Every structure is written in C-alpha cells, then in structure tokens.
Amino acid sequence: MHIYLGNQNTIMDADELLRRYAVGERDFRRVNLRNASLIGADLTHANLRGSDLSQSNLTGASLKLVNFREANLTHATLRGADLVEANLISSNLTQANLSQANLINASLRASTLNGANLSRANLSEAILSEAIMREANLNQAKLIDASLSRTNLSYATLISANLEKANLTNAILLETNLKQANLNKALLHGANFTQADLTEVDLSQARLNGVNLTRAILIGAKLRGVSICWTTLRGANLSKANLYRAKLCWSNLTEAILLETVLLDANMDQVNLRGATLTGAILPDGSSSD
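Counting from 1, position 207 in the sequence shown corresponds to residue 206 in numbering that gives the first Met the number 0; the numbering is continuous, with no gaps.
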C-alpha cells in the first residue's frame, strides 16, 4: 500500500517496490524509499528519478541503467552495487557509501558527492564533469578515461587511484591527496592543484599547461616528457622528481624546491627560477647543480 501526497514523494516500502517491479513496472519517479532495505535487489532499468532513497541500503544491488537523476541518495549504502551506465545526473550522494561499486560509463554530471566513500570503486569512462566531490574518498578507485572537467575534488583523497587518460581540465583539487596516483596521459589543462599532495604521482606524458601547482608537493613525481608550460609551480616541492625532456617553457618556479631533481634535456625557456633551490639537480645540459 502506498499513499500519494500531492507534490510530495509517494511513500512506498521496499516490499511493494519489489513486488511491482517483479510484475513489470519500471516507473517509480518521485518515490519515497527513505531507509529502505534493498540489499541485493535487482532494479535494472528502473526509473527512480527524483526519488528519496536517503539512508537506504542497496548493498550489492543490480542497478544497471537505473535512472537516479536528481534523486536523494544522501547517506545511502551502495557498497558493491552494479551501477553500470546508471544515470546519476544532479543526484545528491553526500556521505553515501559507494565503495567497490561498479560505475563504468555511469553519468554523475553535476552530482553532489561531498564526503562520499568511493574507495576501490570502478568509475572508468564515467562522466563526473562539474560534480562536487569535496572530501570524498577515492582511494584506489579506477577512473581510467573518466571525465572530471570542472569537477571540485578539494580535500578529497585519491591515494593510489588510477586516473590514466582522465580529463581533469579546469578541475579544482585544493589540498587534494593524490599520493602515488596514476595520471599517465591525463589531460589537466587549467586545473588547480594548489597545495595538493602529488608525492610519487605518475604524470608521464600528461598535459598540464596553465595548471596551478602553487606549493604542491611533487616529491619523487614522474614527469618524464610532460608538457607543463605556462604553469605556476611557485613554492612547489619537486625534490627527486623526474622531468626528463619535460616542457617547462614560461613556467613560474619561484622559490620552488628542486633538490636532486632530474631536468635533463628539459625545455626551460623563459622559466622563472628566482629563489628556487636546485642543490643536486641534474640540469638540462647534463651538469649537476651544486
């Protein structure tokens, strides 16, 4: 039994939802399923647009191609759920648990994921453009070929995350923790990494012209062959980083720390090194800086 409340969401319990789904119904727009237990449920192709699933439990549920557009999934548990090609555009997933969830090709454009747990989730080829993901946990997540343009990842943790070939154009990553992350061949033009931790990150062949890396930590980072022109690295720590054949033309490395940094064959045309520390660095011509 359900009660219709005019402009408010239709109140429905989990049993009724599953019963109606089992007989072929798929349209459950604006349903109130707050606190519902749907562990392991199969809701493939269901339309839950605008529904309230806050604090619901969808652990291990099959949610392929489900329409969650503008849905409220705050504090929901979707651990290990199958969300392949799901529509989560403009949804609210604040503090949701999506650890180990499968979100391949899902769209989370303009969604809110503040404080969400996406550790070990698979977001390969997912669309996260313009999403707000402040303080989200993306440790060891797969974001291969993911679209994160203009996404706000400030204060998020992406330790050992795989962002190979990801698009982070104009993304905001203030004080984000990306230790040992893989950003090989990533597109990072215009991104803001101010005070981000990129220790031992792999940025090989990445493109990051016009990036803000002010006071970023890049100790031991792999920047071999990277295009990093017109970039702000003021006060950045690049100690023991590898910038072999990197393109640094017109970049600002004022007061940067380059202890034992490899700059062999790097393009340093018009680079500003005022106040920079280069002790033990291997310079473009192969000589060592004292």
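Since the hints were made in silico from the structure, they are not lab data.
Being a predicted model, the structure only gives us computed values, none of them experimental.
Careful: at least some of the hints might be erroneous.
As the list claims (entries may be wrong) - Lysine to aspartate or glutamate pairs mimicking DMTMM-like chemistry, simulated, CA-CA at most 20 angstroms apart:
hint, residue 1, residue 2
1, 246, 259
2, 164, 144
3, 239, 259
4, 178, 134
5, 246, 264
6, 184, 144
7, 178, 129
8, 239, 254
9, 184, 124
10, 184, 259
11, 239, 264
12, 164, 124
13, 63, 81
14, 63, 84
15, 63, 41
16, 63, 24
17, 184, 199
18, 164, 199
19, 63, 134
20, 63, 26
21, 178, 199
22, 246, 268
23, 164, 129
24, 184, 134
Going through the hints against the structure:
no.	hint	result
1	246 - 259	18 angstroms, holds
2	164 - 144	5 angstroms, holds
3	239 - 259	5 angstroms, holds
4	178 - 134	15 angstroms, holds
5	246 - 264	9 angstroms, holds
6	184 - 144	10 angstroms, holds
7	178 - 129	23 angstroms, violated
8	239 - 254	16 angstroms, holds
9	184 - 124	15 angstroms, holds
10	184 - 259	24 angstroms, violated
11	239 - 264	16 angstroms, holds
12	164 - 124	10 angstroms, holds
13	63 - 81	6 angstroms, holds
14	63 - 84	6 angstroms, holds
15	63 - 41	9 angstroms, holds
16	63 - 24	16 angstroms, holds
17	184 - 199	16 angstroms, holds
18	164 - 199	18 angstroms, holds
19	63 - 134	27 angstroms, violated
20	63 - 26	15 angstroms, holds
21	178 - 199	6 angstroms, holds
22	246 - 268	9 angstroms, holds
23	164 - 129	18 angstroms, holds
24	184 - 134	25 angstroms, violated
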